[in-house]
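Participant: Each chain is listed here by its residues.
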Amino acid sequence: MSADISPIFGKLDWSVTPYTDLLREVNSSTIVGAGAASVLVLGAIAAVALLTWMRWWGPLYRNWLTSADAKKIGIMYIALALVMMARGIIEGFVIRTHQSTALGTLTQPESGLVSPDHFAQLFSTHGTIMIFFVAMPLLIGLINFVLPQQLGARDMAFPVLNQVSLGLTAAGAGLVMISLLVGKFGTGGWTMYPPYTGIDYSPGEGVDYWLWAILISGVGSTLTGMNFAVTIFKERAPGMHFMRMPLFCWTSLCVAIMLIYAMPALTVSSGMLALDRYAGSHFFTNEAGGNMMNYANIFWMFGHPEVYILILPAFGVFSEISSTFSGKRLYGYTSLVIASMSIAVISFTVWLHHFFTMGQSAGVNIAFGIATMVIGIPTGVKIYDWMATMWRGRIRVTAPIVYLTGFFLLFVIGGLSGIILANPSIDYQVHNSTFLVAHFHNVIIPGVLYGMLAGIHYWFPKAFGFRLDEDWGRRTALLFVGGFVFTFLPLYVLGLMGLPRRSPTFQNPDFMPWMYIASFGAVLMLCALASLAWTFWTSYRNRLALAVPGGDPWNGSSLEWSTPAPVPEWTFPHIPHVAARDDWGECKRSGDPWKAPQDYVDIEMPANTAHGLLIAATASALGFAMVWHIWWLAALSFLAIPALLAWRGMQVIEPRIVPAGEVEEADRRFRTMMADLAPATRADEETERNRGRPDLSEFAG
Amino acid sequence: MSERNLYPGLNLGSGHGEAHEQAETTVFGFWVFVMSDLIIFGILFASYASYLDPIGLAGGPGPSDLFDIRSVAIQTAFLLLGGVAYGGVSLAVKYDHPRGKIIVWLLVCAALGAGFLFFEIKDFITQAGKGGVPQASGWLSSYWTLVGLHGVHVFSGILWILAMIAQVIWRGVDDVVKVRLSMLGVFWHFLDLVWIAIFSFVFLVPLS
Chain F
1 MSADISPIFG
11 KLDWSVTPYT
21 DLLREVNSST
31 IVGAGAASVL
41 VLGAIAAVAL
51 LTWMRWWGPL
61 YRNWLTSADA
71 KKIGIMYIAL
81 ALVMMARGII
91 EGFVIRTHQS
101 TALGTLTQPE
111 SGLVSPDHFA
121 QLFSTHGTIM
131 IFFVAMPLLI
141 GLINFVLPQQ
151 LGARDMAFPV
161 LNQVSLGLTA
171 AGAGLVMISL
181 LVGKFGTGGW
191 TMYPPYTGID
201 YSPGEGVDYW
211 LWAILISGVG
221 STLTGMNFAV
231 TIFKERAPGM
241 HFMRMPLFCW
251 TSLCVAIMLI
261 YAMPALTVSS
271 GMLALDRYAG
281 SHFFTNEAGG
291 NMMNYANIFW
301 MFGHPEVYIL
311 ILPAFGVFSE
321 ISSTFSGKRL
331 YGYTSLVIAS
341 MSIAVISFTV
351 WLHHFFTMGQ
361 SAGVNIAFGI
371 ATMVIGIPTG
381 VKIYDWMATM
391 WRGRIRVTAP
401 IVYLTGFFLL
411 FVIGGLSGII
421 LANPSIDYQV
431 HNSTFLVAHF
441 HNVIIPGVLY
451 GMLAGIHYWF
461 PKAFGFRLDE
471 DWGRRTALLF
481 VGGFVFTFLP
491 LYVLGLMGLP
501 RRSPTFQNPD
511 FMPWMYIASF
521 GAVLMLCALA
531 SLAWTFWTSY
541 RNRLALAVPG
551 GDPWNGSSLE
561 WSTPAPVPEW
571 TFPHIPHVAA
581 RDDWGECKRS
591 GDPWKAPQDY
601 VDIEMPANTA
611 HGLLIAATAS
621 ALGFAMVWHI
631 WWLAALSFLA
641 IPALLAWRGM
651 QVIEPRIVPA
661 GEVEEADRRF
671 RTMMADLAPA
681 TRADEETERN
691 RGRPDLSEFA
701 G
Chain X
1 MSERNLYPGL
11 NLGSGHGEAH
21 EQAETTVFGF
31 WVFVMSDLII
41 FGILFASYAS
51 YLDPIGLAGG
61 PGPSDLFDIR
71 SVAIQTAFLL
81 LGGVAYGGVS
91 LAVKYDHPRG
101 KIIVWLLVCA
111 ALGAGFLFFE
121 IKDFITQAGK
131 GGVPQASGWL
141 SSYWTLVGLH
151 GVHVFSGILW
161 ILAMIAQVIW
171 RGVDDVVKVR
181 LSMLGVFWHF
191 LDLVWIAIFS
201 FVFLVPLS
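Top line first, the protein sequences correspond to chains F and X.
Going by our numbering, the residue at position 601 of the first sequence is 601; the numbering climbs one at a time, nothing skipped.
Going by our numbering, the residue at position 73 of the second sequence is 73; the numbering climbs one at a time, nothing skipped.
Honestly, the hints are just simulated from the structure, not real lab data.
It is possible that some hints are incorrect.
If you anchor each label on the Cβ, the simulated ranges turn out as follows [as the list claims (entries may be wrong)]: (1) F:H241 to X:F201: 58 to 68 Å; (2) X:F201 to F:S111: 53 to 63 Å; (3) X:V205 to F:S38: 50 to 60 Å; (4) F:P7 to X:L38: 35 to 45 Å; (5) X:S71 to F:S335: 54 to 64 Å; (6) F:W631 to X:I125: 21 to 31 Å; (7) F:I8 to X:A128: 45 to 55 Å; (8) X:G87 to F:D592: 52 to 62 Å; (9) F:N432 to X:L38: 32 to 42 Å; (10) F:S38 to X:D53: 25 to 35 Å; (11) X:S208 to F:S335: 32 to 42 Å; (12) X:D53 to F:L636: 21 to 31 Å; (13) X:Y95 to F:P203: 39 to 49 Å; (14) X:K101 to F:S335: 55 to 65 Å.
Where is the CB? At the ideal position from N, CA and C, for every residue including glycine.
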């Protein structure tokens with residue numbers, strides 16, 4: 001990189017792409033780098049070509065990108081997450097492949113598929129993507145789609161703000177994606193600890209990519225948390241008391257509160273690191289009074305609650321599906337509520353266990369070790385509650401139940417290895433080894449990933465009007481379970497044998513059998529990814545056979561199942577009056593649940609707007625310009641944001657009115673169709689006879 | 001007095017009909033945002049405290065070399081009077097006073113905020129002249145970041161006030177503008193609150 005900075009292009013020049021690396025030297029590492037960049041470029045070209053060929057630009061812009069409908073925003077979040085997940089899983093595969101070829105000797109330590117620097121970029125982007133741009137958008141998307149429907153609300157409290165949050169998340173994801181093609185990503189891991197990531201040791205653009213991706217998407221997540229919290233506090237349907245809310249709403253509330261309180265810490269730690277790098281301040285430098293321990297401290301003040309931000313929505317999903325697919329009422333509702341809230345609160349008191357070895361006193365370590373063990377108690381309560389829910393139920397082994405079973409078996413192992421790590425004296429032995437890598441994958445994959453995929457499978461018909469193919473769904477779930485077992489359980493062994501995490505090379509040949517097993521697991525994970533894609537594709541092709549226009553394919557008991565599938569944009573023709581917990585189930589018990597409302601009124605929906613899109617564009621430009629020191633663009637886009645806000649402030653924005661007649665017509669059509677549908681029994685659930693109208697005599701939830 | 005408050009702080013009151021209802025959600029949401037912002041300041045306060053030791057000062061200029069408590073007192077007066085002045089805006093909106101009055105009170109707030117910023121920037125320049133730049137030590141980095149972030153908030157507040165004056169002139173005092181003025185009030189008073197903490201912990205504690 002040249003020292004002088006062009007006034008127009010900043011530090012950008014033609015030497016920053018992986019293709020120049022490939023031209024300079026052809027080896028497996030540069031081929032992998034250029035190959036990844038090519039996949040990105042070809043994927044982008046293919047997407048543009050498809051949109052142009054199908055003439056989808058207009059509909060995409062009008063129906064999706066400018067929509068302020070929380071349901072559509074939720075679907076876009078999930079689509080973004082799945083694209084990022086494909087990259088994350090492939091990176092994981094490359095990481096495992098590299099390590100199985102990385103056995104070196106002391107005289108020739110550097111071998112393997114990719115170079116050590118490239119390997120460091122891989123594990124840094126893998127972690128950053130999986131946490132911030134897969135797990136977070138998955139759960140935020142699912143909450144966006146489900147929460148208003150379960151609460152009996154038309155939309156989020158702040159629909160346009162919701163659009164802005166999505167835009168900021170997408171801008172952050174875009175920055176991480178573009179780092180494949182333009183420049184390099186940071187090599188400091190997903191936590192980017194200084195002083196290594198300070199300007200002295202990491203002078204390039206890599207850490208800056210991470211910083212701006214995190215800062216921009218972090219603001220989006222904070223705003224999302226506010227939106228969820230206000231929606232739950234202020235937008236519930238009449239009669240929807242707190243203790244009548246479905247469990248998924250409760251865990252969403254926990255997530256909202258945690259986002260509000262935890263995200264600012266990440267903003268502060270990243271902001272300080274950015275100041276160190278750009279303005280020469282001394283928060284975390286080695287000299288002039290800097291203290292890197294402050295970074296670890298502040299980062300994990302965010303980082304630990306974040307772990308529970310990720311897992312709690314999955315717990316919400318498991319509460320819903322364990323009840324629905326067992327045909328039983330959820331066992332221990334109150335205890336689950338208390339457990340969720342306890343987890344949310346205790347999660348703020350354990351962050352120090354991420355750096356037991358940093359040198360604080362034993363007393364401090366013990367306090368945090370005990371807090372960490374305590375948080376296992378409410379989690380255990382939940383596992384027992386779900387098992388008790390399924391106990392003696394009429395369980396249908398659908399794809400979500402396969403995920404739930406995999407979760408039971410594997411998450412408990414992950415939780416127990418967490419309890420082991422919570423003991424500071426044991427942590428001293430195994431910290432920074434692959435034992436830790438195995439532990440957190442063991443809670444995040446069976447917890448978050450299985451939970452989110454189960455949720456997608458469960459609510460997919462509500463979004464698109466047809467079910468996902470159950471056979472392929474179960475195959476995908478089993479592949480993810482098997483893939484996890486083979487990839488990560490060997491890492492426990494390797495960690496205990498002494499392999500440090502993030503090692504680009506090692507010298508102990510005894511590691512190799514376990515490495516090969518883990519690589520086999522990574523192949524299974526790739527198959528699972530392909531199988532997931534195939535599930536969507538084959539279900540789309542069979543969408544007529546899988547259609548469930550009745551909207552209640554699983555004989556559910558919460559409000560979202562009372563509407564047609566796909567759900568209309570106004571969700572409810574008439575805001576329901578809630579009289580009981582599991583109100584839809586109560587309606588089923590008391591006779592005809594599909595009664596038409598007595599009257600129809602005009603419905604106000606938020607008008608479409610390009611506001612979120614414009615904010616996302618300026619935020620992307622700002623991030624990119626800051627990474628490459630293109631100061632004019634940075635200043636321009638930074639000023640554009642308040643200008644956009646002020647301009648929108650001057651507009652008088654009228655909501656879009658859906659006339660009562662239109663609502664009535666659509667609703668009457670639904671009711672008439674409903675009357676003609678034959679009820680499907682539990683045994684018919686997976687067949688074509690399931691048109692979304694369940695046999696009410698079987699309802700026992 | 002028997003009127004039910006829908007959210008913390010001075011409510012528009014049921015006389016304002018739909019604006020009062022809208023404010024319940026929107027102003028509550030803004031309180032939540034402010035809470036989140038307060039966490040940012042809280043962490044910066046904690047960081048400031050952790051850098052306020054000989055290691056953090058790193059041999060650079062310290063509080064007694066740099067702080068001019070008289071100027072800080074003047075800034076405090078400007079900012080707190082600005083907070084009081086916003087009471088004029090809130091009352092004028094609540095009791096449907098002519099919009100000229102709302103604009104005058106908003107201008108007073110902006111002017112007092114600008115006075116605060118003038119003295120604050122003057123202090124920053126003097127401190128930089130004495131070698132107290134943020135690049136000098138960990139403590140100075142945390143000082144500039146914490147106090148500077150508050151200053152940026154005040155500057156954003158002034159921009160927001162100007163934007164609201166424009167809205168009052170061109171849109172009139174409609175429901176949306178009323179709700180936004182309520183949020184601006186929460187924000188403006190929040191800055192006073194943070195400043196009181198800055199005055200006490202950033203300036204008085206190290207000088208005592």
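Participant: None of the hints should be skipped; say for each whether it holds.
Facilitator: Hint-by-hint comparison with the structure:
1. Range check, H241 of chain F to F201 of chain X: Cβ separation about 42 Å, and the 58 to 68 Å hint is violated.
2. Taking the beta carbon of each, F201 of chain X and S111 of chain F are about 55 Å apart, inside 53 to 63 Å as hinted.
3. About 58 Å separates the C-beta atoms of V205 of chain X and S38 of chain F, a value consistent with the hinted range of 50 to 60 Å.
4. With their beta carbons about 40 Å apart, P7 of chain F and L38 of chain X fall inside the hinted range of 35 to 45 Å.
5. Separation of S71 of chain X from S335 of chain F is about 58 Å and conforms to the stated range, judged on CB atoms against 54 to 64 Å.
6. One distance hint, 21 to 31 Å for the beta-carbon pair W631 of chain F and I125 of chain X, holds here, with the actual separation near 23 Å.
7. Between I8 of chain F and A128 of chain X the CB atoms are about 31 Å apart, so this pair departs from the stated range of 45 to 55 Å.
8. Checking the proposed 52 to 62 Å range against G87 of chain X and D592 of chain F shows it holds: the Cβ atoms sit about 57 Å from each other.
9. For N432 of chain F and L38 of chain X, the hinted distance range of 32 to 42 Å is satisfied, since their beta carbons lie about 35 Å from each other.
10. Checked against the hint of 25 to 35 Å, the C-beta distance between S38 of chain F and D53 of chain X comes to roughly 53 Å, which is inconsistent with it.
11. The hinted window of 32 to 42 Å between S208 of chain X and S335 of chain F is violated, with their beta carbons roughly 50 Å apart.
12. One distance hint, 21 to 31 Å for the beta-carbon pair D53 of chain X and L636 of chain F, is violated here, with the actual separation near 41 Å.
13. At roughly 60 Å, the beta carbons of Y95 of chain X and P203 of chain F sit outside the given window of 39 to 49 Å.
14. In this structure the supplied range 55 to 65 Å holds for K101 of chain X paired with S335 of chain F, their Cβ-Cβ distance being about 56 Å.
Hint compliance for this structure: hints 1, 7, 10, 11, 12, 13 are broken, all remaining hints hold.
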